[in-house]
Structures are given as structure tokens and as C-alpha cells.
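> Turn these sequences into a full structure, and let the hints guide you.
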Amino acid sequence: MTFEYSSAPESKAIVTIDPVYKLFIGGKFVAPKGGKTFTTINPATEEVLAKIAYAEKSDVDKAVKAAQEGLKVWSKMAPSERGKYLYRIARIMQERAREFAVLETMDNGKPIRETRDIDIPLSAAHFFYHAGWADKLEHAGVGSNPKPYGVVGQIIPWNFPLLMLAWKVAPALATGNSVVLKPAETTPLTALLFAQVCQQAELPAGVVNIVTGDGATGAAIVNHPGINKIAFTGSTDVGKLIARSVAGTDKGLTLELGGKGANIVFEDAPLDETVEGIVNGIFFNQGHVCCAGSRLLVQENIQDELLEKLKRRMSQIRLGDPLDKNTDIGAINSREQLEKITELAISGDTEGAERFSAACTIPAKGFWYPPTFFTGVTQAHRIAREEIFGPVLSVISFRTPQEAIEKANNTPFGLSAGVWTDKGSRILWTAKHLRAGVIWANTFNKFDPASPFGGYKESGWGREGGRHGLAAYLKGAK
Amino acid sequence: MSNSKSRAMRLDVKKTYKLFIGGAFPRSESGRTYEVTDSKGEFIANPSLASRKDLRDAVVAARNAHSGWAGATAFNRGQILYRIAEMMEGRSAQFVDEIIALEGLTPSAAKKQVEEAIDLWVWYSGWCDKIGSIYGSTNAVSGSFYNFTIPDSLGVVAVFAPAKPSLLGLVHSLAPVLAGGNTAVVIASEKYPLSAITLSEAIGTSDVSGGVVNILTGSAAELAPWAASHMDIDGIDATGLNSTLEKEVRIAGADNLKRISSFKDGASPQRVLAFMENKTVWHPIGV
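The listed protein sequences correspond, in order, to chains L and X.
So for the first sequence, our numbering puts the first residue at 215; every next one is plus one.
So for the second sequence, our numbering puts the first residue at 16; every next one is plus one.
If you are wondering where the hints come from, they were derived from the structure by calculation, not from laboratory data.
Hints are supplied without guarantee of correctness; some may be wrong.
List time: in silico EDC-like cross-link candidates among lysine to aspartate or glutamate, alpha-carbon distance up to 20 Å [as the list claims (entries may be wrong)]:
| hint | chain 1 | residue 1 | chain 2 | residue 2 |
| --- | --- | --- | --- | --- |
| 1 | L | LYS361 | X | GLU263 |
| 2 | L | LYS637 | L | GLU481 |
| 3 | L | LYS361 | L | GLU295 |
| 4 | L | LYS646 | L | ASP636 |
| 5 | L | LYS454 | X | ASP53 |
| 6 | X | LYS206 | X | ASP53 |
| 7 | L | LYS621 | X | ASP247 |
| 8 | L | LYS454 | X | GLU263 |
| 9 | L | LYS454 | X | ASP270 |
| 10 | X | LYS127 | X | GLU101 |
| 11 | X | LYS279 | L | ASP464 |
| 12 | L | LYS242 | L | GLU218 |
| 13 | X | LYS179 | X | ASP270 |
| 14 | L | LYS689 | X | ASP247 |
| 15 | L | LYS646 | X | ASP144 |
| 16 | L | LYS226 | L | GLU295 |
| 17 | X | LYS262 | L | ASP464 |
Below is the structure:
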């Protein structure tokens, strides 16, 4: 007997998408000087959603000047008042949460279940958490007289558009910095809706400025002499480029970059829960997650049993309309990303690994990739070394705990890892020896504003979230 | 064996100033040395002019020593740093003499530098088992999870010590690196290297395992680019580099995203934290 789901689409009526969006500079929406625009599409349907202003160097310059003006007001404001603005923003985001969720799903392609339950509530929570820090900065661990950097340039990716904005903007504002933010080229809409929230909250002009564009817009921010700190989330290659660009300047820099997280399953792990954790680790957000558990390290004697359960679970995953409340896997964010995932997965085939993909019906339009894993993967395979940023899992076996650690750490990345076992001492031993910034034990892909997030090695510089993330926006005694 | 006459003619047994790599005191594999003079230009010593290969050997030694040093209990590491202070105290006259000769300081100023350097080891010794309590955290996440963050060692750190004060400046950079559980490859003050070499001899008798500290003498300008591009170095204390070299090091160091810092101020737990990672662990709470 098979159960069929009726479609349960979330209504789009709650959002109003303008045909054209301008830049948000100095508290107002202003047209770009060059008058250029680009389009943003719904990756699930390939429909054009809106035209977006393209910010060139002169527009970035204007935004930086506005941020310098905003800084004068913001950094001198009583910290408790600054905090109250952040509380206001958090509340308005909560009030308009469903609108944000639907818009995010349309622009990004991720399931409404995730935007509604994770992206948007967590974004509001980030503002709420950091609001409370604004008047307690002397307790942030960087000395008794911490100072903001000034104008912070922030460049964020397309995988969690509003959440990454919140991770960047909330701590920057709480610490008295002003912001020039560039959302990703393919997902600008929720950032522009956030600009409206800033207006509704009556945030002083110039404290938050949002410039839309592409890599050249980002480079203009990085290289602008009026910027005092850069915060970037994105690929490791671009992160290194930025690190070279700011070398020899006084600019601060924090980076959240790529990962190739190991999800380690020991023989005594509770297998049903573990399978849920593996699925959440690699298929959450279509695998567009820098901390994804993209390498499954499984103890050899339970591999067959675990993979059977995983296959069965993967056959239950529902891929399709992201606005449908029953959808587990939505659309890949762009054609470019789909091509990258496809190319890397093909390298898995050609290098001799064995592919299993869940049998999903792929919609006729839009960008999609079925949940997939590879067995017979060696550590030298590209799919074991490179970040795929898609729903593709590489399965590698191990025999001893020491071998698991060695294989888990055998990567230039060091962002996340998972460990599954019933034995407490083994969890702590494994966590101690893993070279990764976030370790999920008997869980995976959990996020919270109070919990520092960030990587070892080539996964980045600094942390976001918690006291450690806040401190990254403060200058103290060294 | 000897009479008073021959004793009066006795020649000093002078020290060969060598490198310190993996707990041993080799000469440079390159066979190169350079001349060090005192503050009046008189010959003092021919220390080794370390090569790129010596640097790479030192990094291998430091990498091999890292898991043991980082894995030692913080209390144990604190005791060993304290032991370095003890060993230095016994050699303080030698440190003072060398500082007077090379830096041209007065005896009292030289003595003050040595005393401060010894006391600085004692200060950082005490940080080893406290840095986690002060700068780690348990995090109140909204959900049924226990969540904590602890500082963790970075790995192998290259230290470019400032030219002078030759001993105190070196200890300001080296001690926090070790307190954080890292192993170090030190490039000593080029002009005033004797403090660093004598420090290596004190460290060699302080229960510091071989490879935890490696000290090279030679040209910072020659070695800095190799250190910056070395993929098995995780961090660099660039305090001793000029701004041109520091910029070069930061550009090349981006290849593996080295953590690079230089410091203007004195002793601070921030200098320990600059070469530590933060690790956050989540676990569900349940029965």
C-alpha cells in the first residue's frame, strides 16, 4: 500500500515582489548611478522574480560614505538605545516571518519547511540575542574599553540569505559598527525586504546600507579605503583572495569558508537516529551548507546495515515544489551550482566510486539534483576532498577510532564534524581529537545565536555567534 | 695535574652557538654561519645561518611534537613552562653577560630584562590551565542540548622575535604560543641571537619534549617568505618583522589561511588566544 501526499502549497499571496529594486543607501532606496540591473529568478521555476540594481564602484563609495555618516550617530548612541533598535528589528522580523519565509523560498529554492522553521526564526533570534549584548560589551572578553571597528563591509552567500545577513548585521550593529552589506547575486530579495524592516524600525540613516551586485561589487567593498573591517562568508578561494587584498592594511577580517565535514558513525551508534542525522547532515538545504556532513565515515562492521537503512530512508525523501509544506528537498539555487554538483558527481563515477541516487521525479523546469551517495570512495577521490555543496554524500569506512580521526582530519578544511556513538567517553575523546570548529555529537546541523560557529584551518578566520563571534566586531587590547 | 702557572694561562672553552631542532643542537645543514659582533663591533660568535631546509626540518619536528604537547594536561604544561623559568634563573648571569655584550645595555638594565623574562614565563605558566575557564563558555542554546566552547591549540606557529630586547621580546612572543598548546619554530633576533641560543639550552633541560620549541638563527628576511608559504605552519607571530616583510608574509600566508598576528603591547591572554582555535561541541540532553 502506498500513501500519496496531496499537494500542500504555501500561498504566495503574502509577498509583494516589486518589478525593480533599488539600492538601500543612507536609509533610502536609490537608483544605481550607472542605471544597470540584473535579474533574480525562482530556481524552482526559472521565472524571473525581479530586476535588481547593479551597484558599481561609485555606488559602493556612496554607501561607504553613508555608513560613515551613520557611524557618527550609531557609535555615539547610548548602548542600551542601540540595543533597543535591535530588539525592534527582531520583533518586526518575527511579525513578518511568514512573508520572509515565502520570499526566501521563492528566491532561493529551499523548502518552505526550512525557511519557516529554521532560517527566519533563527534570523530574528540572532537580532534578539545580540540586542542584549549592546550594553554589555565590556564583558565580551576583549578588555574593559572595547571599541567598534567603524564601517564593516559584509559579503554573504546565497545558501542562507537572510540568516547569513542576520549573522553579520546583528553583531556588527550591537557593537556600534555601521554596515555596507552585499547579498549574493542570486538571492537579494530578503535582504531588500530587511531594508524595509530597518525603515520600519526607524533605524538611523546609514547604519545599514545594502548594495546588490556581483563579485565586482564585492571587490569594490573589500578594496574601499573607507572600510575598516571585512566579514565574508563564501568559498575558500575567494576568502584567500580577500585575505591577500587586505594584507598590509589596517582592515580587520573574518572569514567563514568551505568545509568537508566528517560524520563519524561508530558501531554502537543508535542506527535509526543516526540515519536521521546523516540525512539532515547532507540533504538539509539541498546540501548547500558549508558545514554539511559530506563525508560519512562509518565503522566497517556496520556499513552494510547502515547503508540499507539509509537507502530506505532516502526513498522517503520528497523532492519538488519548495513552497509545498511536505517538500524535503527543494531546488538547487542556480544552474551554475547544478553544473558544479553534476561535474563533481561524475568525477565520482569516473574515479571508480559507486553511485546510489534516490528515485525522485525531477520536475521539468528548474534546477534539481536527487539525493545521492557514493560508496567505494577513497580519500584521494575528488568527491572526498572537494566541497560539492550539493546533496551528494561520500561514504568511507574505518576500523578503529584512531583511523576515523586520521581520515576525518585528512582535509585542508576544518569547519564541522559529527560523531555518533552511545558511549560518552568516546564522544569526548573523538571531539577532542577532531580538528574542527563545530562538533555535533549524536545530532547534526544545529545552529543557535549563542553558539560560536566557524572553522579551523582553511575553513576560515574567527567565529560568528556567541561571545566569541561578538568579540570579532570589537577592537580591544591585544 | 696543573700548577698555578698553567692555570693562570688557561684559555676559555668557548661555546659553539648552534641551532635547536627536535631537541638536538645541530649546525645548519647548509654549513653557513654569520658573524655576530658586540655593541662596539668586536667579534663575538659565528652562529649558524639557518637555511630553508633547516626551517623545514624544524617544522617537521614541531609538527611531530604537537600532539604530545597539546595532549599533555594543562597543569603539566604549566609545570614545564615554570621549569623553563627555573632553568633560566640558574643561567641568569650568562643571559645578562650576553645582553650587555650584544645590546650594549648597562648591567642593571640587562639584569632587569632577564628578570622580567623569567617572571614572564611564570606568568604564562599560570595561564595554561586557566585560559579555557576564562575564555571558553557554555552556551545557552534554545533547545535540549548541552553546548560548550573551548579554546584549542592551533598547531605549529612560527615566531619572528623582535630584534630587541633580545631575550624579553622573544619570551613575550614564545611563551604564549607554548601556553596555548602549540609547538614553535622561532627565528631569533638576527643581530642579537645569543639570548635565543642560550634560551634553547635552558629549554633543552626543562622537560620540554624535543620539537616543542625549535630555534633558528639567521636572516628573518631570508626565512620569512619560506615560513609564510609553508603549508604545515598554522600561525605566525610577525612581531619581529618590518611592515614590508609582514605584508609579504600575510599575502603568502593566505595560501593556507595562516593565523598571523603582530603585537605592540606586552603580556596579555589575547596573545595566547591569537594562536588558539575555538571548538564548539553540541550534545542532546535526554534520558
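> Next step is simple, just say for each hint if it's right about the structure.
Here's how the hints hold up against the structure:
no.: 1; hint: L:LYS361 / X:GLU263; verdict: violated, 28 Å
no.: 2; hint: L:LYS637 / L:GLU481; verdict: holds, 10 Å
no.: 3; hint: L:LYS361 / L:GLU295; verdict: holds, 17 Å
no.: 4; hint: L:LYS646 / L:ASP636; verdict: holds, 17 Å
no.: 5; hint: L:LYS454 / X:ASP53; verdict: violated, 43 Å
no.: 6; hint: X:LYS206 / X:ASP53; verdict: holds, 9 Å
no.: 7; hint: L:LYS621 / X:ASP247; verdict: holds, 17 Å
no.: 8; hint: L:LYS454 / X:GLU263; verdict: holds, 14 Å
no.: 9; hint: L:LYS454 / X:ASP270; verdict: holds, 7 Å
no.: 10; hint: X:LYS127 / X:GLU101; verdict: holds, 16 Å
no.: 11; hint: X:LYS279 / L:ASP464; verdict: holds, 14 Å
no.: 12; hint: L:LYS242 / L:GLU218; verdict: violated, 49 Å
no.: 13; hint: X:LYS179 / X:ASP270; verdict: violated, 30 Å
no.: 14; hint: L:LYS689 / X:ASP247; verdict: violated, 29 Å
no.: 15; hint: L:LYS646 / X:ASP144; verdict: holds, 16 Å
no.: 16; hint: L:LYS226 / L:GLU295; verdict: violated, 36 Å
no.: 17; hint: X:LYS262 / L:ASP464; verdict: holds, 11 Å
The structure fails hints 1, 5, 12, 13, 14, 16 (numbered hints given earlier, in ascending order).
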